[in-house]
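2 protein chains.
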Amino acid sequence: MKVFSVRGITQSGKTTTIENIIKELKKRRYSVGSVKDIHFEEFAIDQEGTNTYRHRRAGSELVTARGHYETDILFPEKLNVEEILRFYNQDFVVLEGVEDTNAPKIITAHDVKEVEERIDGTVFAISGRIANTLQEYKGVPVINAMSDVEKLVDLIEEKVYEKLPEFSGECCCACGYSCRELGIKILKGEAKREDCILGEENIKLSINQQEISMVPFVQKILYNAVMGVVAELEGYHKGSNIQIKVGER
Amino acid sequence: MKVFSVRGITQSGKTTTIENIIKELKKRRYSVGSVKDIHFEEFAIDQEGTNTYRHRRAGSELVTARGHYETDILFPEKLNVEEILRFYNQDFVVLEGVEDTNAPKIITAHDVKEVEERIDGTVFAISGRIANTLQEYKGVPVINAMSDVEKLVDLIEEKVYEKLPEFSGECCCACGYSCRELGIKILKGEAKREDCILGEENIKLSINQQEISMVPFVQKILYNAVMGVVAELEGYHKGSNIQIKVGER
Chain A
154 MKVFSVRGIT
164 QSGKTTTIEN
174 IIKELKKRRY
184 SVGSVKDIHF
194 EEFAIDQEGT
204 NTYRHRRAGS
214 ELVTARGHYE
224 TDILFPEKLN
234 VEEILRFYNQ
244 DFVVLEGVED
254 TNAPKIITAH
264 DVKEVEERID
274 GTVFAISGRI
284 ANTLQEYKGV
294 PVINAMSDVE
304 KLVDLIEEKV
314 YEKLPEFSGE
324 CCCACGYSCR
334 ELGIKILKGE
344 AKREDCILGE
354 ENIKLSINQQ
364 EISMVPFVQK
374 ILYNAVMGVV
384 AELEGYHKGS
394 NIQIKVGER
Chain B
154 MKVFSVRGIT
164 QSGKTTTIEN
174 IIKELKKRRY
184 SVGSVKDIHF
194 EEFAIDQEGT
204 NTYRHRRAGS
214 ELVTARGHYE
224 TDILFPEKLN
234 VEEILRFYNQ
244 DFVVLEGVED
254 TNAPKIITAH
264 DVKEVEERID
274 GTVFAISGRI
284 ANTLQEYKGV
294 PVINAMSDVE
304 KLVDLIEEKV
314 YEKLPEFSGE
324 CCCACGYSCR
334 ELGIKILKGE
344 AKREDCILGE
354 ENIKLSINQQ
364 EISMVPFVQK
374 ILYNAVMGVV
384 AELEGYHKGS
394 NIQIKVGER
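Going down the list, the protein sequences come from chains A and B.
The numbering of the first sequence is this note's numbering, which starts it at 154 and goes up by one.
The numbering of the second sequence is this note's numbering, which starts it at 154 and goes up by one.
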């Protein structure tokens, strides 16, 4: 699953850029999901007076509205983006206005000043209104998402890598970098996605609460034994977190 | 997690009954979640013209709207109730108008005719408008959820059992019954929740923090796959507690 974000202030062309990108990705036969951050203090998707609104007001802590053609799960809190992405398994996921991520980023902007406020090593393209006046800024291509969407999506295909684990800087660094640092290096062409050494053998074993170190060979055998069964079960998709407990109730 | 449903036609007092039950359960310090089925053909929680609406229209297959105080995950399909319940971990979950479940049931109705159309072995109480005129119907108590909510919630505490796996009739039947049949027997007092023998192998599997129910056959295969490797490792002895995690640190 490849994840990227589009950031920019209101009216800079953010949603239009995303619409065009999604349409083009779909045209190329990818599955696509999206997450939209809403920075409007009073945002509430449910309308006063609906039955689900009445459930929540009475004290229901998690409310689902299920219609004939949709199922809406309404969490009464701001989940972090990693929690949200656990529900996704599309080829590409676009994040709109999401801040708590190190995913590769497209900036939309009116002008250079807005770009300057947002640019960092995670940015691989610039779009939005500024694309009418500029073609490149500090080595980052500026692309019009209306007239040149193919070019922008070519760049997404080229640059956006399989989602990194996004461990906090202190937590893993098994490759020598934080996930953010490795991501920036991948975009620059100084590292590869495969340099993240947490691959499919990312498996941990504890016996009576003591973590057991396993050489890669044993890790691989245990991984294959577990996944040979679990991958066939409903509820599993690639990248799922799996936990198995034996001997405890 | 204990799950029950409230069924009845429009204006029979369904949502009011649920509101009162939720409030009383909360007063008793339980955590509560709810699922509402909307039988209105054109139901769509998202409004035309919102950015998330634009995402979906462009082709996004899973859209999340995240505000400061809520996160709304909008699946573009009718998930089945078992899939929905994987997101829940409250003490009690109330289902409103949900048909694809064998959970214990409260009927709300205007009159005996409506009760007659809906009553079966899964019904443990009757409420709604009919409670103004009747106290019992064919051995099932009729309780007013406005004036007698304590009595109704006492009955919920007494009758509603820890959710059964809800495997289809052909699938498990390891206890000798389908989940529906066992549920009816539990309500009648002819069986106990513990008669559901799933869990005997003492192996538990979670995928993305959601516990996955496995029929005994699958439990056994997973148990053997795991133990075939782990039992050979230093640190293991018979009866050890084992924990395996894949994809997390």
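Hints were generated in silico from the structure; no laboratory data involved.
Wrong hints could be hidden among the right ones.
Put simply, identical chains are the same to the list, so a pair is met inside one copy or across any two.
[What the hints assert, rightly or not] Taking lysine-lysine and the DSS-like style, the derived pairs with C-alpha atoms no more than 27 Å apart in a straight line are: (1) Lys-398 with Lys-312; (2) Lys-176 with Lys-398; (3) Lys-231 with Lys-180; (4) Lys-291 with Lys-179; (5) Lys-373 with Lys-398.
Taking the hints in turn, this is what the structure says about them:
{"no.": "1", "hint": "Lys-398 with Lys-312", "in the structure": "neither (36 Å within a copy, 30 Å between copies)"}
{"no.": "2", "hint": "Lys-176 with Lys-398", "in the structure": "neither (38 Å within a copy, 36 Å between copies)"}
{"no.": "3", "hint": "Lys-231 with Lys-180", "in the structure": "between (32 Å within a copy, 25 Å between copies)"}
{"no.": "4", "hint": "Lys-291 with Lys-179", "in the structure": "neither (31 Å within a copy, 57 Å between copies)"}
{"no.": "5", "hint": "Lys-373 with Lys-398", "in the structure": "both (19 Å within a copy, 13 Å between copies)"}
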